[in-house]
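Asker: Take a look at the letters that make up each chain.
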Amino acid sequence: MKLVVAIVRTEKLNDVLEALFRAEVRGLTITPARGHGGETEQVETYRGTTIKMELSQKVRLEIGVSDHFVEPTVEAIMSAARTGEVGDGKIFVLPVERVYRIRTGERDEAAVTPVA
Amino acid sequence: MKLVVAIVRTEKLNDVLEALFRAEVRGLTITPARGHGGETEQVETYRGTTIKMELSQKVRLEIGVSDHFVEPTVEAIMSAARTGEVGDGKIFVLPVERVYRIRTGERDEAAVTPVA
Amino acid sequence: MKLVVAIVRTEKLNDVLEALFRAEVRGLTITPARGHGGETEQVETYRGTTIKMELSQKVRLEIGVSDHFVEPTVEAIMSAARTGEVGDGKIFVLPVERVYRIRTGERDEAAVTPVA
Amino acid sequence: MSEGHIAWMLVSTALVLLMTPALGFFYGGLVRAKNALNTLMMSFAALGFVGLGWALLGYSLAFTTGTPLIGGFSHALLRGVGLEAQGEIPQILFMAFQGTFAIITAALISGAIVERMRFGSYLAFLALWGLLIYAPVAHWVWGGGWLADLGALDFAGGTVVHVNAGVAALAAALAVKQRRDYGRQAILPHHIPFTLLGAALLWLGWFGFNGGSALAANASASLAFVNTMLAPMATLVAWMALDVLRTGKSTAVGMATAIVVGLVAITPAAGFVAPISAVILGGLAAVPSYYALLWRARTRLDDSLDVFAAHGVGGISGALLTGVFAQQSWNGVADGLLFGNPQQLVVQAIAVLAVMAYSGIGSFLILKLVGLVATLRVTPATESIGLDVSEHGEEAYGSGEGAILVPSSDLLAAGSAVAPAPRSLQASGGDA
Amino acid sequence: MSEGHIAWMLVSTALVLLMTPALGFFYGGLVRAKNALNTLMMSFAALGFVGLGWALLGYSLAFTTGTPLIGGFSHALLRGVGLEAQGEIPQILFMAFQGTFAIITAALISGAIVERMRFGSYLAFLALWGLLIYAPVAHWVWGGGWLADLGALDFAGGTVVHVNAGVAALAAALAVKQRRDYGRQAILPHHIPFTLLGAALLWLGWFGFNGGSALAANASASLAFVNTMLAPMATLVAWMALDVLRTGKSTAVGMATAIVVGLVAITPAAGFVAPISAVILGGLAAVPSYYALLWRARTRLDDSLDVFAAHGVGGISGALLTGVFAQQSWNGVADGLLFGNPQQLVVQAIAVLAVMAYSGIGSFLILKLVGLVATLRVTPATESIGLDVSEHGEEAYGSGEGAILVPSSDLLAAGSAVAPAPRSLQASGGDA
Amino acid sequence: MSEGHIAWMLVSTALVLLMTPALGFFYGGLVRAKNALNTLMMSFAALGFVGLGWALLGYSLAFTTGTPLIGGFSHALLRGVGLEAQGEIPQILFMAFQGTFAIITAALISGAIVERMRFGSYLAFLALWGLLIYAPVAHWVWGGGWLADLGALDFAGGTVVHVNAGVAALAAALAVKQRRDYGRQAILPHHIPFTLLGAALLWLGWFGFNGGSALAANASASLAFVNTMLAPMATLVAWMALDVLRTGKSTAVGMATAIVVGLVAITPAAGFVAPISAVILGGLAAVPSYYALLWRARTRLDDSLDVFAAHGVGGISGALLTGVFAQQSWNGVADGLLFGNPQQLVVQAIAVLAVMAYSGIGSFLILKLVGLVATLRVTPATESIGLDVSEHGEEAYGSGEGAILVPSSDLLAAGSAVAPAPRSLQASGGDA
Ligand SMILES: Nc1ncnc2c1ncn2[C@@H]1O[C@H](COP(=O)(O)OP(=O)(O)O)[C@@H](O)[C@H]1O
Ligand SMILES: Nc1ncnc2c1ncn2[C@@H]1O[C@H](COP(=O)(O)OP(=O)(O)O)[C@@H](O)[C@H]1O
Ligand SMILES: Nc1ncnc2c1ncn2[C@@H]1O[C@H](COP(=O)(O)OP(=O)(O)O)[C@@H](O)[C@H]1O
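Chains as they are written, first to last, in UniProt numbering: chain A, 1 to 116; chain B, 1 to 116; chain C, 1 to 116; chain D, 1 to 432; chain E, 1 to 432; chain F, 1 to 432.
Hints are computed from structural coordinates only; laboratory data are not their basis. All C-beta atoms in this analysis are idealised placements derived from N, C-alpha and C, irrespective of residue type, glycine included. It cannot be assumed that every hint is accurate.
Once the Cα atoms are required to be at most 27 Å apart in a straight line, the calculated DSS-like pairs of lysine-lysine come out as [unchecked claim]: (1) A:Lys52 - F:Lys177; (2) D:Lys177 - D:Lys368; (3) C:Lys52 - D:Lys368; (4) F:Lys368 - F:Lys177; (5) D:Lys177 - C:Lys52.
Some chain D residues flagged as far from chain C (calculated, every beta-carbon gap over 10 Å) [as the list claims (entries may be wrong)]: (6) Gly82; (7) Trp142; (8) Arg180; (9) Leu188; (10) Trp295; (11) Leu353.
Simulated restraints, written as ranges between beta carbons of each label pair [as the list claims (entries may be wrong)]: (12) E:Gly120 - F:Phe73: 20 to 30 Å; (13) A:Glu24 - D:Ala374: 56 to 66 Å; (14) A:Asp67 - B:Thr40: 28 to 38 Å; (15) F:Ala374 - E:Gly248: 35 to 45 Å; (16) B:Thr40 - A:Ala110: 34 to 44 Å; (17) D:Ser329 - E:Ser399: 50 to 60 Å.
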């Protein structure tokens with residue numbers, strides 16, 4: 001099993017969710033995040049103070065998948081999240097040793113397969 | 001060492017914290033998250049617009065543990081976070097290559113053992 | 001490639017960002033988090049109710065780096081985030097199997113090397 | 001009728017109406033984010049359900065001469081309520097001013113039952129309470145009823161409004177029972193600035209509440225107004241002192257609470273006591289409410305936002321202290337204990353007890369009645385998700401993350417192109 | 001002039017001025033967090049750009065006798081606007097009171113074009129609209145123009161303010177076009193408590209709006225005031241019933257909307273109908289606006305915050321129902337259909353249609369004109385980042401995470417020591 | 001005394017009281033979330049500590065005839081302050097109206113020392129300042145003191161309130177010193193909508209502040225009122241222009257600031273200048289404050305929320321421009337420079353300088369004195385955690401995550417069953 005961690009643009013989240021659905025990926029967890037990469041920085045001004053915003057709003061997705069689902073998952077994200085502009089984000093694939101489904105106690109493959 | 005990543009129901013967080021304490025697990029980090037799984041979707045209505053909420057509020061825990069602590073940690077979370085209803089969440093156990101305690105610079109096992 | 005995950009004090013974030021820049025580390029993603037460790041707990045009072053805050057505000061950094069960059073990254077964080085007081089945080093180094101840059105589809109090393 | 005009196009009573013009525021939304025913010029800030037809208041709506045709904053009930057029936061029950069216990073139906077549906085003078089203002093304005101009191105009184109009760117009551121049952125309770133409890137009690141004291149005859153002093157509603165609502169809240173907390181998490185989990189206020197905003201706007205509105213209760217822009221109004229400014233100042237200082245003595249810290253929720261307690265306590269006394277007495281009364285009134293609140297938190301009684309400690313206890317303190325500090329040289333009506341008339345204190349106590357008994361029993365019965373017809377509480381699952389999503393299908397602070405637009409099935413031709421094809425992340429069985 | 005009348009009109013003017021910020025919060029809560037400030041500023045800017053325009057020119061165009069279509073320049077730059085009586089109050093106060101109406105009317109339009117319009121172009125539109133559309137229409141009805149001659153009844157601006165702004169909003173939504181995400185993504189309100197706060201403060205302000213339109217503290221003001229209290233109560237109850245019938249749930253946004261719709265509908269009728277008629281009118285007016293709003297959401301028409309459904313449709317309902325319920329025994333002016341004067345309804349319809357035509361076409365042309373000189377919309381990239389950061393360089397709810405202070409290059413000697421050396425995370429080419 | 005005058009002064013007093021919470025929101029929005037409550041409480045506390053001090057002593061010091069420098073004790077503890085007329089209203093109401101000025105003036109200073117001052121020390125400073133600085137200065141100008149004799153014009157407190165508070169803020173920033181992060185980290189406002197809300201409510205309240213300073217509902221009140229509406233409109237437009245010229249963008253914080261600056265500047269002039277002069281004055285006043293604010297941010301002077309730039313500089317501009325634009329044909333009192341009386345400008349300058357000297361030195365000394373007895377600042381660790389948790393044991397926006405309920409040790413029998421067994425995540429030594 002793997003854990004696919006993807007950082008994408010906030011405004012692309014719904015497209016990514018839809019693409020994942022099409023790829024038959026079901027479970028996932030997201031967290032709001034802020035990222036720094038090659039994006040242009042925003043300048044903000046508060047009264048006399050000028051501020052450079054080095055971090056821009058992103059969404060972080062975390063998807064536990066069985067091995068043969070890594071490829072479709074990555075592809076779904078790649079195609080749905082891409083705009084071609086700097087700031088599209090990154091995908092990391094991490095090895096996972098064990099997975100548990102809390103509700104049933106099922107382990108590993110079983111834990112990431114949907115119950116009928 | 002391992003990193004135990006668990007996604008649990010928000011309302012179960014305090015029970016999980018208590019169970020982890022009983023299991024003598026000490027350090028942990030949590031982030032608010034939103035998850036999609038088998039949960040029923042909420043429908044919301046804003047004036048003329050109907051909206052389906054595909055993500056529900058969860059909490060993500062991240063716990064760095066030494067190897068022999070993986071089992072008790074997982075068990076503590078499993079028992080405390082379970083309601084038996086869809087949406088209880090998942091646990092992922094990831095391999096960790098190195099751990100550092102920033103305060104002292106201690107590494108690995110030492111970094112996840114509490115200082116007396 | 002590795003994923004360096006660091007939990008640091010919120011008020012140290014800007015120092016850490018600066019140190020990472022000096023270490024020529026460029027891309028990173030942060031999420032607000034709350035942590036429990038050896039920190040003193042805060043007591044709060046709301047009318048007749050007394051509450052112990054077991055979690056304190058932290059920031060979680062996630063930095064994908066190629067192998068030879070792990071050391072400088074960890075060192076930059078360690079030195080910039082340290083205050084010597086309990087609560088400075090932890091760094092975890094996780095193995096990564098694959099990395100993709102969403103914008104270009106580049107993989108692995110290429111994906112974490114900045115485009116000229 | 002003169003334009004000056006009308007001007008002041010127009011303003012007062014507007015200010016008292018504002019108190020109900022203000023209360024919504026006071027209460028709404030104290031609950032958890034997942035119940036913020038439900039709590040706010042409990043107040044806002046009173047504007048409709050109690051306000052309309054008052055205009056159509058309650059006013060008549062309260063302010064027409066019927067028996068010493070309740071008025072009649074002669075002004076029902078606003079019949080005969082016109083532009084003719086009622087004291088210094090048109091009767092229609094008098095009706096409206098009194099209506100704003102009915103609304104806020106009923107809304108006050110909601111603080112005892114937040115985060116768990118079904119909204120439909122709450123609305124039924126609200127509407128009935130305004131007619132069956134508030135209107136008669138208002139009649140007793142202000143509509144020529146038996147407490148008026150007895151000589152009970154209640155300038156702006158210490159008994160009619162605050163003791164009444166405070167005891168009803170107690171009954172409601174008992175009838176609806178405690179929240180699942182109560183006493184088991186820490187339940188934190190999600191937005192204390194809203195509570196402070198509510199307190200500030202309540203104070204503003206209370207100038208109309210007490211100052212307007214003179215029903216004219218005269219010396220009595222000025223006295224009531226100034227006392228409404230001075231008493232809460234003293235309560236604020238006293239409360240902060242109590243807080244610091246107990247925990248070493250003063251708190252924002254404490255400041256907001258203190259302001260309300262001070263306002264409650266001065267309400268029955270506002271036009272009857274000297275300004276320096278108002279200062280003393282305000283300071284004294286902090287003590288019983290402060291300790292009632294501490295005590296309550298240690299019991300199983302989930303009067304969630306402490307309506308009884310603030311309004312019930314504060315109202316009782318105020319009503320009794322009115323019997324102590326009243327001064328005929330300021331009010332032209334009656335003296336209190338300190339000025340040689342101990343009898344007044346007895347009358348005040350009778351009024352308080354009568355309202356406590358009637359409101360406590362009556363409110364409990366209404367809830368039991370509603371409970372026979374409908375369910376009083378949401379399900380445990382709903383309680384843990386929060387009432388905003390479950391009862392109202394809304395989130396107070398929506399981010400839109402993971403929210404999917406559902407296209408209307410009967411889409412207009414013009415609109416069809418813009419709506420996405422219906423889909424659902426989980427319609428199909430695939431998984432990873 | 002008497003002090004009572006002056007007192008009431010001072011208060012009324014202050015209350016109506018407050019409505020514009022209140023509107024900012026009503027609207028600001030309904031948009032996404034990334035556009036919260038921009039939306040708030042659209043209202044606040046009207047205080048400056050429309051308010052000043054009114055004082056310097058608009059007042060003269062509206063309230064001096066010129067032609068039946070528009071006034072003249074004799075009061076331009078406030079010439080001849082002094083402390084002499086205009087009715088019961090000094091003319092200068094009359095000018096200010098009327099100015100607050102111009103401001104809120106123009107600000108109302110912004111709801112149709114939030115989250116996408118360039119701020120500079122919006123300001124230009126705002127200033128022009130106040131002079132070219134609002135001032136003439138105000139002249140027609142209140143400044144002795146042709147609709148006044150015709151006998152159109154508009155107590156406080158159902159036609160001049162609400163129909164006018166509602167139709168202008170429609171034109172603006174058409175001219176500026178829909179948001180990129182509209183109909184494709186779920187766009188959720190980011191802060192519904194602000195919308196409720198806005199609704200509460202709007203109601204408060206509306207007492208000045210309608211009650212103050214009597215221009216004195218008299219029976220007429222009292223009637224208008226009380227009707228302004230009763231009608232929205234009925235709309236609130238009716239709206240909640242419609243909500244429950246359709247979806248099984250009542251909503252907070254619905255309650256806020258209902259309050260505004262009720263207030264809009266009673267505006268033209270406030271001083272002309274009996275209180276019991278106000279209740280009925282308020283309840284009836286819920287229906288057309290409720291369905292207009294549902295219908296609008298299914299079209300491509302991105303009148304984003306439904307200004308037309310609330311103010312346009314609500315204003316039309318109110319103007320026509322004024323022609324139905326007006327009652328000479330209450331207002332001393334004219335009867336409506338129900339009281340034997342069907343003619344009044346025809347006059348009301350003419351007034352509505354005239355304003356719709358003029359405002360619709362005129363507003364559209366002004367936007368086209370502004371569009372010739374400047375760009376109306378922000379770029380798609382800006383739209384997705386949000387207008388707060390891109391148009392104003394600010395975030396509504398800043399956390400400071402990742403924010404780096406930029407030292408001023410021309411730092412004063414005294415300050416130089418405290419500023420960090422300039423640096424940027426990405427200035428150098430290194431990477432990991 | 002007439003009911004019209006009383007009505008207006010009741011309203012004015014209520015409105016000015018509202019300004020202090022409004023200021024809390026204006027300031028509270030500008031600080032970081034971790035200090036939001038502390039900042040709000042700095043304003044709310046003034047309601048208790050300055051308000052009570054005023055009633056018990058300050059009023060007597062300011063408004064009894066003593067020496068040209070300070071009044072006496074004859075009205076201490078509200079002795080002899082009753083319902084008899086003081087001008088057009090009961091003296092007790094006059095006392096209350098003036099009290100609201102003392103409160104807001106002291107609260108204004110807090111903006112200079114947010115996010116670092118110990119709350120206890122702040123309270124001590126607040127109480128002393130109200131008596132030792134505010135009361136004498138009020139006496140000089142309004143209580144028959146030496147500046148009144150000199151003929152200084154200060155309609156509603158440009159000098160007494162704004163210059164006074166602005167200079168005290170400067171002194172406080174110097175005495176309390178800068179925040180640890182100041183000039184090293186970007187410190188962002190955490191909630192700009194609150195700042196806009198504060199600005200809106202301040203404007204509302206200011207109508208009572210300036211309009212009420214006529215102490216009657218007459219032509220003078222109307223003039224002051226209308227000028228209070230016009231001047232900030234002009235400041236708003238001018239400020240936005242300055243913002244756009246400098247950075248290409250107008251800002252929300254800028255708009256909120258501009259409104260306050262315009263209100264400050266018109267305060268001394270409100271009842272003395274023609275409306276068209278108010279427009280010009282408002283526009284002109286934007287400039288010095290705008291640049292003062294830019295300049296301040298480049299220095300080590302951590303007047304954190306720019307009280308001096310807004311109130312000090314704005315107050316000076318206003319006081320001097322009053323000496324320029326005053327027009328006897330409007331005010332019946334005196335002409336300014338433009339109308340042939342250059343002497344007035346000199347008198348205005350003397351008043352400003354006198355208040356600056358007294359307030360600057362006095363405020364600094366009070367803080368040094370408080371610093372001798374107690375600590376002025378929180379510890380660096382506390383400063384980085386934030387003052388809400390450390391000084392008040394509360395969070396403004398609590399989520400309840402990781403919050404554990406602590407059962408009371410002396411739990412009542414009834415309550416014991418519901419409380420969880422005491423436990424702590426870290427009581428035991430185990431680890432993972
Ligand atoms: N090495 C990295 N580790 C973690 N997150 C990264 C890394 N590089 C980029 N990111 C995330 O991806 C986002 C986009 O990165 P950026 O480099 O701008 O995009 P691109 O891949 O188009 O050059 C960043 O805002 C950040 O959140
Ligand atoms: N494959 C996955 N990867 C990451 N998170 C997941 C995954 N599956 C489920 N989750 C998380 O767990 C939560 C509950 O999942 P769900 O499938 O509803 O529960 P159950 O395990 O009871 O079927 C989801 O909301 C999501 O946050
Ligand atoms: N085992 C762990 N797993 C995950 N996060 C941890 C762990 N231990 C500590 N942390 C994080 O680090 C923060 C500081 O930890 P703490 O133990 O107080 O510091 P120190 O390393 O100085 O003893 C905690 O608040 C928590 O967020």
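Asker: Please go over all the hints and tell whether each is borne out by the structure.
Answerer: We went through each hint and held it up to the structure:
{"no.": "1", "hint": "A:Lys52 - F:Lys177", "in the structure": "26 Å, holds"}
{"no.": "2", "hint": "D:Lys177 - D:Lys368", "in the structure": "12 Å, holds"}
{"no.": "3", "hint": "C:Lys52 - D:Lys368", "in the structure": "38 Å, violated"}
{"no.": "4", "hint": "F:Lys368 - F:Lys177", "in the structure": "12 Å, holds"}
{"no.": "5", "hint": "D:Lys177 - C:Lys52", "in the structure": "26 Å, holds"}
{"no.": "6", "hint": "Gly82", "in the structure": "47 Å, holds"}
{"no.": "7", "hint": "Trp142", "in the structure": "32 Å, holds"}
{"no.": "8", "hint": "Arg180", "in the structure": "16 Å, holds"}
{"no.": "9", "hint": "Leu188", "in the structure": "6 Å, violated"}
{"no.": "10", "hint": "Trp295", "in the structure": "7 Å, violated"}
{"no.": "11", "hint": "Leu353", "in the structure": "26 Å, holds"}
{"no.": "12", "hint": "E:Gly120 - F:Phe73: 20 to 30 Å", "in the structure": "59 Å, violated"}
{"no.": "13", "hint": "A:Glu24 - D:Ala374: 56 to 66 Å", "in the structure": "43 Å, violated"}
{"no.": "14", "hint": "A:Asp67 - B:Thr40: 28 to 38 Å", "in the structure": "30 Å, holds"}
{"no.": "15", "hint": "F:Ala374 - E:Gly248: 35 to 45 Å", "in the structure": "59 Å, violated"}
{"no.": "16", "hint": "B:Thr40 - A:Ala110: 34 to 44 Å", "in the structure": "22 Å, violated"}
{"no.": "17", "hint": "D:Ser329 - E:Ser399: 50 to 60 Å", "in the structure": "58 Å, holds"}
Violation of the numbered hints given earlier is confined to hints 3, 9, 10, 12, 13, 15, 16; the remaining hints are satisfied by the structure.
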